[in-house]
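Respectively, the protein sequence lines represent chains A and B. Going left to right, the first sequence walks through residues 309 to 538 as the working numbering numbers them. Going left to right, the second sequence walks through residues 5 to 399 as the working numbering numbers them.
FYI, nobody ran anything at the bench for these hints, they're computed from the structure. Heads up, a few of these hints could be off.
Claimed, not checked - Covered stretches of chain A, as calculated for chain B (at least 3 residues, CB under 8 Å):
# : stretch
1 : 387-395
2 : 402-410
3 : 415-421
4 : 424-432
Because the structure is a prediction, the values reported are computed rather than measured. Every residue gets a Cβ at the ideal spot worked out from N, C-alpha and C, and that includes glycine.
The primary structure of each chain is shown beneath.
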Amino acid sequence: MTRTVPLIELEGVAKDYPGPPTVRALRDAQMTVGKGEYVSIVGRSGSGKSTLLNVVGLLDRPTCGRYSFAGVDTGSLSERRRTALRARAIGFVFQGFHLMPHRTVVENVGMGLIYQGASWRQRRRIAEEKLEAVGLGSRSTALPTMLSGGEMQRVAIARALACSPSLLLCDEPTGNLDSQTADGILQIVDDLVEAQLTVLMITHDPQVAARAHRSVVVRDGRLIHDQGRG
Amino acid sequence: MRLRYVCQDALVSSVSRPSKLFLTAFGAMLGVASLVAISGLTTTAGTQIIARFDSASSTYVSIENAGEPVNHGDPRLRWASGDGVARIEGVVRVALSARLAGITSVVAVPLDDPTVPEATPPAVLAATADLGEVLGLRLSDGRMFDRGHEERGDNVVVVGAQAAGQLGVDDLALQRVVFINDVAYDVVGIFDEAIDNSFLGAVIMPARTAQTHLGATSPDVLHVIVRPGSARLVAEQGPIALAPSGPTAFAASYTPDPTDLREQVGEDTRAMFVVVGFVSMLAGTVGIMNTMLLNVMERTGEIGLRRALGAKRAEIVVQFLTESAVVGVVSGAAGSAIGMVVIVALAESRSWAPVAEWWLMPVGFALGVASGLVAGAFPAWRAARIEPASSLRAA
Ligand SMILES: Nc1ncnc2c1ncn2[C@@H]1O[C@H](COP(=O)(O)OP(=O)(O)OP(=O)(O)O)[C@@H](O)[C@H]1O
Ligand SMILES: [Mg+2]
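So that you can see chain B by itself, here it is in the shape it has in the complex (with noise of 0.2 Å):
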């Protein structure tokens, strides 16, 4: 009973000076907050790093000639050669596409003055129609060209960004043809997005346009997308497909399952969480802990009357306790609720998922709580010290 009473009154002794409570509060309410942010954040960041190493790169296998035939008659990469791939479990899509060799001048403007040094043209590349859908490509302008340009090998190309502005092709309004070889083509869309960056470097026209006017015979590289989980699958039973009797003949690769990286991601992270963590806890902790020592000081009078008045020392050191593990309820409520809106609003402005452990909420709450009560013993121990006697004769 006795004892209720002693934490009531400690309790009302808190929240009667509740901007010093505040003020208490904030050094361990900042190492909670940072914790919680911190932890979600690194989930946050962490997930975000997944799903981008999802979309990008777990779910794409490349096929490629394994290298220069031996034998007239080995087996090589052919346009025909998707509709095999195509029909293996887990692949979503395939692409082909062509590095031209002997392209000697790709310009938007023929120029005939011999003076002008030739710039290295951008690469240019022949490809099936799905080339735009397998390789991710955003068009800022125009469009992908379609399987009806590649039947009719009509003069089409899309051009990547950066080619554009070498080009000088940057508006489709003002320019929209380019000379290959001397050779006119129509530019029907500029992407300035890829899986791979060195794409938007490149000119891409149809297969059967290349194999007209630039004598392209054969592919390159086969392009696939899988769906997540097949990737391993589908680059073993890609050249399989490809050549029943042959499939060395091909090499396929693709970037391994993205969990170990997601663990490696994990690791490193919550290790510079506890580092940063635990010192801001602990800069916290002192802080309390000082603020609590001039606390027990001030009011070394009280204390003495307490005493005076019956208080045993163990009751002392409950109302100190009581007064401290306040502070920490206080630092870790607000300190978590701050970092969990820390947490939203960063990833917010990223336009992230904010995700958090379900736990952070209360972990975050009971380091405060643990942070007041540690910050207190010491104090407390200080204010059950005081003897009536003594503390009472000042004025």
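Here chain A stands alone, though its shape is the one from the complex (with noise of 0.2 Å):
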């Protein structure tokens, strides 16, 4: 078996919220996920699962502890090194789908590569071929508001997509949705694992959980690891 660089590797890590009073909303976490994995994070309201994943997506420092991001300590790289490194290559979904009311839904999915230089013929030809992704090929003039919940979590995906991500964040993303629309998100997820993707995905709910290859429970701020199913 030869070892490769994960993609998340986490030694140690705390982070403190300063107060007053200060909370420690992560302890001594230590977390490994190589490429391709599919991880479920679950655990009380605020044992500190956001904080985690702020942490992992590059949104938040650690206070204290080591953080890799495929192999490059990111507590060494500049601000500005931080935010080029999370637009390329990290991928956000929310459970507010923080869509733009007014923008249509190419504009949505496209939003994240004007930060990257790309023009609006590049962004539109990205944004449609990931909505094609998502199943929403035909919406992509629509506005947000027009679309049913399930769908725009679906534009929220295909923007975390536009990147072209090599890990994809999710706080809860079905946590808004009824069991058969969420069916149809957590499908789309298993899809993009099948696809070689790495998934961090936060959930409450148990049979969400278990989709995941593993899962990582946190309380009070510490992570549990379960057992890995494969």
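Got two chains here, separate frames each, mind docking them using the hints?
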């Protein structure tokens, strides 16, 4: 067995929110996620799941510890390099879809590519391709307000995929959806994992968690690792 | 490149909500409109005042006897005095008039009832026929007496509208005779406008007629219409032309050149315009800033997401500055256009000629854009401070 560099490697990571009072939302976190892995993150409300995701997604810096992304020690990166790395390699999907209500579906999907220096033509081409991938190829000129919740979340996934990320971070993407609609979203995620995308998925739903290769439980800021299934 | 796409995207973002864009621009648009309108109306009204002034006063010179004669044979105004003055360079027309003394009664119907108290009679003037044009008399009925009447010494008069009302001769079709000191005169015309409204209360007859019946031997005012800019010269030369050896026997008066007044009017109105414009622009700018701040708060999620997807703080600033610049462009363009329409409409309603400086439109436009940028600075700074991690947690 050859040892390849893991995509995510957390060593003794902690995250404090300066108070008062100071909240230690994450403590001594160890986690390794390899390329193509599908990991669910579960835990009670307030346990620190989103905090973990923000650190992994380079939206927040850990207070202490070491975080390597694809072998790069992120602690040594300037703010600018971190932003560039995040924009290029990491996609986000949230419970709230955060779509711009007055912009068309293609414009929403292509929005992040502006910051990669892509022209309108290129943005539209990529956006339409990603919309096709989530089964919304025909709705590209619609406004988000005309879409159902499931469709809006699919637009958000297409937007996350627009930069061709190597890591997809999902914070309760099905939290606002009924189970049938949620299933459609999870199917899309399964397909992405099939295509070797690495996925971290926060969820409250054990059934959703069960679809992942393995689960990480967060309890009071500590990570408890389940056995892998696959 | 990237920055260009950020600006383009911000532009599309602004115009994707046209009604909101217009509402945001509304306050500053009114500010620009009022600025442009006030400035233009100031100029228009100023020009109008000057025009009236030019037509009324600066082309009019009057020459009177300087006092009572000391010696017999001292120079005095005579009915023939006009000829010499008329030859001075710059003189357009001259006329002479005398206010008649010894008028005891002026009535339309002769009354012999001694119990009726007699009203103060209107002033009666003797004048040369050119007085009508010199004083700018506008005949509302009939006509001015002419040279023929004057040479023959006909018993004719023209009556000012005010005097006509007092005498009851408003309508020449019904009543066209007045009695002055019990002598009948034909009323040939009624005038309702003159260079000086005090003339509207007077009755005017030809000089020769007055000499025949009322003993008017000499005029007391020589009225001169001059070309614009010649008033001072004529006021100096007039007395000399009348009496080369003793010009001090005459006093000429004219209103000084209106240039000083023009500047005065300009200064006053400009100060007012600066204050009003400043206040309305300030109100408009604060309005844009408020709406833009609300806009930023509303779009916290979008801003966080843009940051998460790689937008730098500077690019967020550029985006929101561009959006408020678009608001500024709309308020500047619409505001200065509305201001121009107001100038033309108001001037039209008063039948003034609309006058506006050429720079009003571009300056109004630039002010709108500037107010958009100024108003957008603080909201853009606030937007750039939004942290992606905290803004995205809310569902
Ligand atoms: N910006 C912040 N400042 C201070 N405290 C914070 C901040 N963000 C989170 N916390 C605290 O950190 C702890 C972990 O929060 P986190 O959002 O990671 O929980 P979570 O597991 O995602 O909860 P949920 O399931 O409700 O989303 C909580 O106690 C929360 O109150
Ligand atoms: Mg959370």
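Structure-based check of all given hints:
{"no.": "1", "hint": "387-395", "in the structure": "holds (count 5)"}
{"no.": "2", "hint": "402-410", "in the structure": "holds (count 6)"}
{"no.": "3", "hint": "415-421", "in the structure": "holds (count 3)"}
{"no.": "4", "hint": "424-432", "in the structure": "holds (count 5)"}
The structure agrees with every numbered hint stated previously.
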